[in-house]
Amino acid sequence: MQDINIQFKIISINNISRYISEIESLLSLAGLLLDKNIENFIIAIFDKKVVACGGIDCHIIKCVAVHPHFRGYNITVKLVEYIINYAYEKKQFHLFLYTTVENEKIFQKCGFYPLINVPNTLVLMENTPVGIKKYCSYLSQNYKKPGNSAAIVMNANPFTLGHYHLIEQVAKDVDWLHLFVLSEDCSVFSTKTRYELVRAGIAHLNNVIIHLGNDYLISRATFPAYFLKNNKLIDQVCMATDLLLFRNYIAGALNITRRYVGSEPACPVTCAYNEAMKKWLTEYDSSQSLPIEVVEIPRIAVDDQIISASKVRELLLQNRSDEVRKLVPDSTWSYLIKHYPIK
Amino acid sequence: MKIERNALAGTLESSDLLVKVEPNEGLEILITSDVMKQFGRHIHKVVVETLNDLDITDGLIIVEDKGALDYVIKARVQCAVLRSIRSAEIPLEKLI
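As they're listed, the protein sequences go chains A and B. 380 is the number that my numbering gives the last residue of the first sequence; the numbers go up by one with no jumps. 178 is the number that my numbering gives the last residue of the second sequence; the numbers go up by one with no jumps.
Don't take every hint at face value.
Unchecked claim - Some chain A residues close to chain B (C-beta under 7 Å, calculated; not the full set): (1) Val114; (2) Glu118; (3) Tyr125; (4) Phe130; (5) Cys147; (6) Pro151; (7) Pro166.
No lab work stands behind these hints, which were simulated from the structure alone. Keep in mind the model is a prediction, meaning the values are calculated, not measured. Where is the CB? At the ideal position from N, CA and C, for every residue including glycine.
Construct all of the structure, not just a fragment, from the sequences and the given hints.
Shown next as structure tokens:
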């Protein structure tokens, strides 16, 4: 097919108004929605019209669409190449991309390799053939332990007595506990603070290994909600991607056979997550990797109030420090009085 | 010499290749090619020779080949390596 003269352009989300309607209609032709988290769009212009676009959100490429009339000109490859170069300039070297199962092959030609396939829905890819492999071998070389190992994944925003209780209980039950603290810097407390508070709070438990979450522990914030128009489906696929990454790669590297969660009867989101865990971690049909047992631990309560990090944040906002004091361990409390104007 | 930072060279156009280099312990070369069956070993040989000429001992070298000829491969590998090291260290005499 002959080459056509296409120009590429980077548009910051702040200056997008001129192109927004064109981008939106392009996306809708591809069955996609505009993702709210995108920082920059790369657009391909031919004859003053936007014929293809791709968005970049930190290190995640999303919303890639080519106008149906312009498919077959290899525009996707050029567009992705442009995005990769742009990301490298911004010092983002490790890139991820979400696409549909049908389009996986196109992106394989652009140097992306599949990580997770959620059947009939989407594929998560990364721009290196050895990314997850290297991370797993790093984990097993440094942290794989004999005996039974379990895992907990938490945000700890901030670390409360509830988290402490969960960790302490599980640490008693198993030989080794791998604790993953999510590194999502859109939480109220920074990743560093959350990590430090967890570390300080459980310093005396010597069979707990703390890991800082990374690109392979996907947080909600980075998930491509634009993909699916049905909110319920978005949640399900989001959880599936996250859980399959855990089951197919991380659990195997560390010999983890059980994953513990705190129950949260009050919160429908966490409740749904716990249900999804049962499906994606324990069922044989969901993955070829070994199933992981999911154990739910009841949360503890203080004064009939279940302890949760969101409750602590709420009380902090309302300056009700005496109530906060009852919900957090000493280490978190001493951080809070230093950094928050508590009376 | 070690690859000290990530760098990129080349394109994904037909008859070209994209070379990515990253810091790594030891030298590791990963090649994907449209003509892997026919020329995979030869491409590997050209990449290794180019790296040896530049005295690269450590680095992860990822090659996405689209059917490039030898001198293209050599030029792209050299370019990616040069972008990843400090300019004072560039061994100009070895770039022939």
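Practice prompt. Mind listing which of the numbered hints don't hold for this structure, in increasing order?
Written response: 6
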